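Engineer: Those protein sequences? They're chains V, A, L, Y, W and P, same order as listed. Each residue of the first sequence is one higher than the last, beginning at 2 in my numbering. Each residue of the second sequence is one higher than the last, beginning at 2 in my numbering. Each residue of the third sequence is one higher than the last, beginning at 2 in my numbering. Each residue of the fourth sequence is one higher than the last, beginning at 2 in my numbering. Each residue of the fifth sequence is one higher than the last, beginning at 2 in my numbering. Each residue of the sixth sequence is one higher than the last, beginning at 2 in my numbering.
It is possible that part of the hints are untrue.
Heads up, the list lumps identical chains together, so a pair's fine if it works in one copy or across two of them.
Heads up, simulated DSS-like pairs for lysine-lysine below, C-alpha to C-alpha not over 30 Å straight-line [stated by the list, open to error]:
no. : residue 1 : residue 2
1   : Lys226    : Lys5
2   : Lys53     : Lys20
3   : Lys94     : Lys8
4   : Lys31     : Lys48
5   : Lys31     : Lys262
6   : Lys94     : Lys53
7   : Lys121    : Lys313
8   : Lys313    : Lys5
9   : Lys125    : Lys287
10  : Lys313    : Lys213
11  : Lys129    : Lys48
12  : Lys313    : Lys263
13  : Lys85     : Lys213
14  : Lys5      : Lys25
These are calculated hints, taken from the structure and not from any lab test. Computed from a predicted structure; not experimentally measured.
The primary structure of each chain is shown beneath.
Protein chains: 6
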Amino acid sequence: MLIKDFKVGEEVTTFFLIKAKNVKTSSANKPYIDFTFQDVTGDINAKLWDVKGDIEHIYNPGELVKVMGTVTQWQSTLQLKIIKIRNVEPEDKVDYGQFIPVAPIDPETMFNEILFYINKMTHKDFKKLTLALLEESKSRLMYYPAAKSNHHAIKSGLLYHIIRMLRTGDALCDIYHNCNRDLVLAGIILHDIEKLNEMDANELGIVGEYTKEGQLLGHIIMGIKKIEKTAEALKIDPEVSLLLQHMILAHHYEPEFGSPKKPLIPEGELLHYIDMIDARMYDMNKALKDLEAEQFTDPIFVLDRRRLYRSKFAVTDEN
Amino acid sequence: MLIKDFKVGEEVTTFFLIKAKNVKTSSANKPYIDFTFQDVTGDINAKLWDVKGDIEHIYNPGELVKVMGTVTQWQSTLQLKIIKIRNVEPEDKVDYGQFIPVAPIDPETMFNEILFYINKMTHKDFKKLTLALLEESKSRLMYYPAAKSNHHAIKSGLLYHIIRMLRTGDALCDIYHNCNRDLVLAGIILHDIEKLNEMDANELGIVGEYTKEGQLLGHIIMGIKKIEKTAEALKIDPEVSLLLQHMILAHHYEPEFGSPKKPLIPEGELLHYIDMIDARMYDMNKALKDLEAEQFTDPIFVLDRRRLYRSKFAVTDEN
Amino acid sequence: MLIKDFKVGEEVTTFFLIKAKNVKTSSANKPYIDFTFQDVTGDINAKLWDVKGDIEHIYNPGELVKVMGTVTQWQSTLQLKIIKIRNVEPEDKVDYGQFIPVAPIDPETMFNEILFYINKMTHKDFKKLTLALLEESKSRLMYYPAAKSNHHAIKSGLLYHIIRMLRTGDALCDIYHNCNRDLVLAGIILHDIEKLNEMDANELGIVGEYTKEGQLLGHIIMGIKKIEKTAEALKIDPEVSLLLQHMILAHHYEPEFGSPKKPLIPEGELLHYIDMIDARMYDMNKALKDLEAEQFTDPIFVLDRRRLYRSKFAVTDEN
Amino acid sequence: MLIKDFKVGEEVTTFFLIKAKNVKTSSANKPYIDFTFQDVTGDINAKLWDVKGDIEHIYNPGELVKVMGTVTQWQSTLQLKIIKIRNVEPEDKVDYGQFIPVAPIDPETMFNEILFYINKMTHKDFKKLTLALLEESKSRLMYYPAAKSNHHAIKSGLLYHIIRMLRTGDALCDIYHNCNRDLVLAGIILHDIEKLNEMDANELGIVGEYTKEGQLLGHIIMGIKKIEKTAEALKIDPEVSLLLQHMILAHHYEPEFGSPKKPLIPEGELLHYIDMIDARMYDMNKALKDLEAEQFTDPIFVLDRRRLYRSKFAVTDEN
Amino acid sequence: MLIKDFKVGEEVTTFFLIKAKNVKTSSANKPYIDFTFQDVTGDINAKLWDVKGDIEHIYNPGELVKVMGTVTQWQSTLQLKIIKIRNVEPEDKVDYGQFIPVAPIDPETMFNEILFYINKMTHKDFKKLTLALLEESKSRLMYYPAAKSNHHAIKSGLLYHIIRMLRTGDALCDIYHNCNRDLVLAGIILHDIEKLNEMDANELGIVGEYTKEGQLLGHIIMGIKKIEKTAEALKIDPEVSLLLQHMILAHHYEPEFGSPKKPLIPEGELLHYIDMIDARMYDMNKALKDLEAEQFTDPIFVLDRRRLYRSKFAVTDEN
Amino acid sequence: MLIKDFKVGEEVTTFFLIKAKNVKTSSANKPYIDFTFQDVTGDINAKLWDVKGDIEHIYNPGELVKVMGTVTQWQSTLQLKIIKIRNVEPEDKVDYGQFIPVAPIDPETMFNEILFYINKMTHKDFKKLTLALLEESKSRLMYYPAAKSNHHAIKSGLLYHIIRMLRTGDALCDIYHNCNRDLVLAGIILHDIEKLNEMDANELGIVGEYTKEGQLLGHIIMGIKKIEKTAEALKIDPEVSLLLQHMILAHHYEPEFGSPKKPLIPEGELLHYIDMIDARMYDMNKALKDLEAEQFTDPIFVLDRRRLYRSKFAVTDEN
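The task is simple: from the sequences and hints, build the whole structure.
Structural biologist: Here you go:
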């Protein structure tokens, strides 16, 4: 049974991934465990009131568990009151893939699609620089999400974000001939590359914390430094390096979102809009895909508290 | 000789279209004419100091003239001091096409491209409503610009704006499957349709004034009313009509740019970004296309006073 | 006993109107009912822990009940712990009027006052159009509130809002001779008329939800369309229709409050200020009327979190 | 002949009041006088190129002159090229009243109307304090404008502003019973009283400069201090003094317009809106009164660059 | 044992100062007491469930108590469940100093340091006015905090704020010779002086409520009135009084923070920055002093939700 | 005779530095030269109408000239009409020092003062890194201004800005013990260091243009890259490098002024305020130093159009 299908009052028996665990004290002054459980459809808070065993060391984040519990409700949110819990055993035959929201395309396939676009570039320095930075990042790029809690906050979400943007960028260059395709494609591939060092994420695609450098400088500044140094080492044409640094610097567009400069080249302008479109289509699809027709969602924080509408004519990206 | 090639101190003899004319008084208290002349490459201020004939009735906007004059400069802008001027005669063999910036594609061709996209729609009500509104607007749509002075302020500019947006919208629907293609295409075709009634433009694509209704309500509100009434008359599914009205209402996105609601459906979100991309690519191409490589433009008012950069790798949309 | 007189620790026996009902689950995993009860002085949260009968189908919103309970407190807000509850019976001799905050003037009287002001108009088209729209709206106007939760969120609140504004508008036209009285009065009567279709309210004056069109377009746009179509049908002078549409469009004044245009005629400017004054006097009177002299209220959300002051010289509008 | 009727190219002979005078040097390096002339319908720039006499000491601001000149135009604004000029002589039989825009009601009459409203107050301290401050200000109040260049920038404009506000305030207190009439009336009378010390104006109602205290503190702070000291001297109930100080402090409403506090009493809220209405009706009447029907004005700076519309139904306050 | 060292699950026996007390009702409908206890290291919420004695009159704010209790946790915040409680008795030998956060320098010493700076002034009027206002305020200045809950919200915090600013102001006048030292020093001493009348604080330095005048006018306006009246009484040069009033008016710098005028003299500009530096250094030191190296704090509300970083090179002001 | 002493109508004979030169065309269609001349007290526009010689190649920016001319006035600004002009010859015995506003302290002395503060640092890595970057920049630092047109836009202005900030920073570290002095001093020395590469300035301290990298990235980003690379090369403790990069990134404080992050360490907070104080004291001193007592300046653009006041007690920094 999946979390999204839970109803108040039901008793359920199912498997979860432990996303978070906190030991707390009840009003009766007894310790209990406050969990966040996750499966591929979402997450739910759960309480284990009657703990047996070493409370600090059992049932840790990242472990899989089998749970029997009752679905309750607190302030219009569902919770789970745990009746029984144990760790998953080999004979349960469950694997992580069932518990982790993940991009709908295989990472290897997505990585190869990026290589396809790099191959489409015509100027050797764009190719060389982009390829070098991509190869260096490959191992983590295979599973990193694109964000801690916003759009594409799923395993391999950053890759998925990049390839949808590449498809869009490539199509737009067919229509708008005032943009250099190499610049657009390279800018897309590199625009968020230092998110890999701004956040710590594990191989499940779950972000723990921002890194020290991530908090003090941020991925935009870190990306600029990375390009600067790699381009110098590879003796790339300085204009190639400078333009890509500028595009990264400007891609959030507004100062209050982290870009001290607005784009001064059309390829930078395009990069910004391609990034916005991909993020918004992702968030809107996620909010609407399980809603019934002719209904409104609750206010959505990351979309300025808009209440989206699923029209009679709505379609869904099942991916 | 074209206006964009004028240099201070030269004497030039060439043809112009009169874009504007004002009778003024010199410091010596003599009347003179202050013109704006235009050719396909731009416009220039010109002064006729020594007027012969009925100053109020000769040389009116919309007329073609042959002029000999000297190129002067005032506050870093070029001007023309008129030495001789006369109206164009048949034997001059010049025609309006040489003086009016015009979209790079033939209007009939563009109109047919819109029909092609309407034909691609799958739901009959979207087809019927869009077609009815398009046919009703056709005569003026063939020459209307998209704006008085911003992007696509050229003859047939509104058509050109629409077809580039249709190409983009169609391509994005191939990538983002959470958008209904009919809605996206219909929204693009209709989003600015009441600019035809918001502004008065002549057949040269030059906007005179905003209309009374244009100033008191604006093309967004006017477009909503137009769709409402046409859809009622054609007995269109009310949801089709309502969604298109909502997309028009929301397509400027921010309240301070005229949209009291933000898009609540993904097709409305997409419409906004497609509109922005097309306007910005147009403006940026225009600003950069005659600049030398590795130079910056002057601050550009409609682009938040940014000074754009023409990189070594810049390409130009000759259209 | 009235809600506003409840004190912590008291046991009370009294009648209420059920405003809202939610079935929830207790920490002991038992279902209970979470009510909002209302009388004419306010509302209070109440819990029925020990439910007898079909929990989903008994005690629904809109029903009157007799309740015995104890007043408790949670986070500085009073609650009611229900000891006994039953539905009202005929011999209880209570009626809805005792439970619903309602405008202080009889709706028929208020409606007639509007007619009086329509009669005061001098131009037949203003009269005809206003009267037609008013008659069409009459049945719901008799009980609709002016808002879901802000000013005049009471039964017949919209009527009450309109007549106080008419009195003000009429008085101001005696002082400011640059305003056409017909326009001012017609603008006041029609400015919020489509709130009747923007929100669903029952005959108790309680708003349930915003309608689909209300959320996608809003009452301003809906009002403009309504005037357009009615005026066309009645062959009203188009300038009359256009000016009223403009006044409705502009009456929220700032883009971020829903008006894409600011008033371009003095009558529209006046309408905005008259609307503001009536809303603010209502909210301030409500906040201050039960406060003791020389005290401050808590921060009031709809008044920018101001803490109002009830001065030694304060007077109260008992209506 | 009046300034508002001047047309380019005409030769006119008429009387003016000199509003401003600057000695400048021509491009031919000769001194000339640059005047601003004024009559009751407006003002115009004028140049005297060929000066006879002691250029520094003749024709000073505040003097009346008879002028013959030619109307010229510079950058769409009319100017006057002076042919002859001389000072007015007794036999010209012109007086200042013909040259100075002035409130449409006699100052004595307006002052008495204020006394009438003071007399309407019911609490002796409001009466005593308001009367004392009014009497102290009387001599300058008779001719002071309400502003240097905005609304009511005419002789006795401050008085005129006050009495129209008093009429409005009195009418609103009949409608809104949650406002203490004494407070509203006293607040209106005193709200701008220190404009008398914030600006230096001469008896023609023309403002020269802001005073030192006006620039360093402003009339709001100065008014608070004035009330504080006068109320202490007269042993007024401190709550009366405090409430009036608060109303003055809050009457500009927004911090960026000079009010660090928003109104915390309904009388303060009302004062703000009454002030806004009076200013806006004044400015709009001024902008529209000489326009033809169904025309738009140029953008008006003090009205956020709105282009006002004079509708078919527009009326004008000839005052 | 100190509050900052409490850990979940521990049983503690220690002394506290009662900072706040509320009688509430439990879900079981029994009254209990909800306390805030305080010692010199911070404060903690505590519950006394089983109350013996007259619940309304025992254990009031400001009293010292001895408590045995268990440390629990609610929503990541520590609480105390009280097991035993009694009032402090003489033989406990505890005194208030142990419970109240207090400025690190003795108030007499700080007061004398202010006198030292007054003595450094060269113009007698600055000396006389500052001294008079200081002497009048002395009794409360000895213990007043600088704020209710922000920077320097500790006993004698206002004095501590003033003397650190005086040291900075004096040092800056050695570097920037375009500032009059008398003005800078007098401005610092007087800038917040009416906080003594804006807030009610007890001798423990704990602020209860804002006063009526504090809410209606605020300490800036109150300070201006105080200087005005004192300076008039002492026959101080009016320019001295006016400049100090201007400096107080402008010291919050931005309208939205309470200053309707920006500084027009360099001494006022300096005052603003000195005030900011002292507040920010205080808040940052407080947030970082107990953190481990290379860690980030939680988001800090008064610092725009920044998460401060304690670097490897961080030093702490133990005061 | 110095520019600041020029009066309308005077004939002057004196020396100037040519700051700018433009060839223009007169209304009579003759070429003339439009100069900006400069001496140590300011600059003035000048026209040479009757040009002898090769107009394009004579009298270029950076040359010294002797000029006889008449002081005229245009729109309240003084101009110079050139009667005679020639290049300076050796026997004129004038040198550049007389024409260039320059910092009041000798650059060598200032540079040594920086070394003094570096020497005061206690941690070797701060010393080593700061020294390396300083030495590398020394040649241009000796004459660079701190800005193109704002504060310290004088020869050696950047050095002067740095040393006044160092004095302030050092004094503040004596008062605020929660700041690491090494960090504060190093941050000050390096905060604007890449202005040397953001702008092109000649040895007179006059800025020509912003560089390509300056426009596309800006001195903040460039400074971060410079520190990163130098620190890596010198094997500096990465925390030293990271903290200094963060301080540079955050020192403009607000996103709209170029800082995507606010300071997260107290040393960064302090750096921002020290920078502000030095810039503001410079601008205010410059605006006030030649004004008479008890006068207001004209509105000053870089100070938010404030009109500063020179009080009776004003002092001036002659430097």
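Engineer: My question is about Lys94 and Lys53: at a cut-off of 30 Å on alpha-carbon distance, are they close within one copy, between copies, both, or neither?
Structural biologist: Answer is within: at 25 Å inside a copy they meet the 30 Å cutoff, but 45 Å across does not.
Engineer: How would you classify Lys5 and Lys25 at a CA-CA limit of 30 Å: within, between, both, or neither?
Structural biologist: For Lys5 and Lys25, the Cα distance is within 30 Å both inside one copy (26 Å) and across copies (19 Å).
Engineer: Check Lys53 against Lys20 for me: Cα-Cα at most 30 Å, and say if that holds within a copy, between copies, both or neither.
Structural biologist: For Lys53 and Lys20, the Cα distance is within 30 Å only inside one copy (20 Å; across copies 39 Å).
Engineer: Which holds for Lys85 with Lys213 at a C-alpha limit of 30 Å: within a copy, between copies, both or neither?
Structural biologist: neither (40 Å within a copy, 44 Å between copies)
Engineer: Could you figure out if Lys129 and Lys48 sit no more than 30 Å apart (CA to CA) within one copy, between two copies, both or neither?
Structural biologist: neither (52 Å within a copy, 55 Å between copies)
Engineer: With 30 Å as the alpha-carbon cut-off, assign the pair Lys31 and Lys262 to within, between, both or neither.
Structural biologist: neither (54 Å within a copy, 43 Å between copies)
Engineer: For Lys121 and Lys313, with the copy left unspecified, which applies at a CA distance of at most 30 Å: within, between, both, or neither?
Structural biologist: between (40 Å within a copy, 19 Å between copies)
Engineer: As a check of your reading, is Lys313 near Lys263 (CA-CA no more than 30 Å) within one copy, between copies, both or neither?
Structural biologist: between (39 Å within a copy, 19 Å between copies)
Engineer: Using 30 Å as the alpha-carbon threshold, which applies to Lys125 and Lys287: within, between, both, or neither?
Structural biologist: between (39 Å within a copy, 29 Å between copies)
Engineer: If the cutoff is 30 Å on CA atoms, where do Lys226 and Lys5 land: within, between, both or neither? Let me know, please.
Structural biologist: Close neither inside one copy (43 Å) nor across copies (41 Å); limit 30 Å.
Engineer: For Lys313 vs Lys213, is the C-alpha pair at or below 30 Å within one copy, between two copies, both, or neither?
Structural biologist: Answer is between: at 12 Å across copies they meet the 30 Å cutoff, but 47 Å inside does not.
Engineer: One pair to classify: Lys313 and Lys5, alpha carbons no more than 30 Å apart. Within, between, both, or neither?
Structural biologist: within (23 Å within a copy, 46 Å between copies)
Against the hints set out earlier in the document, violations occur for numbers 1, 5, 11, 13.
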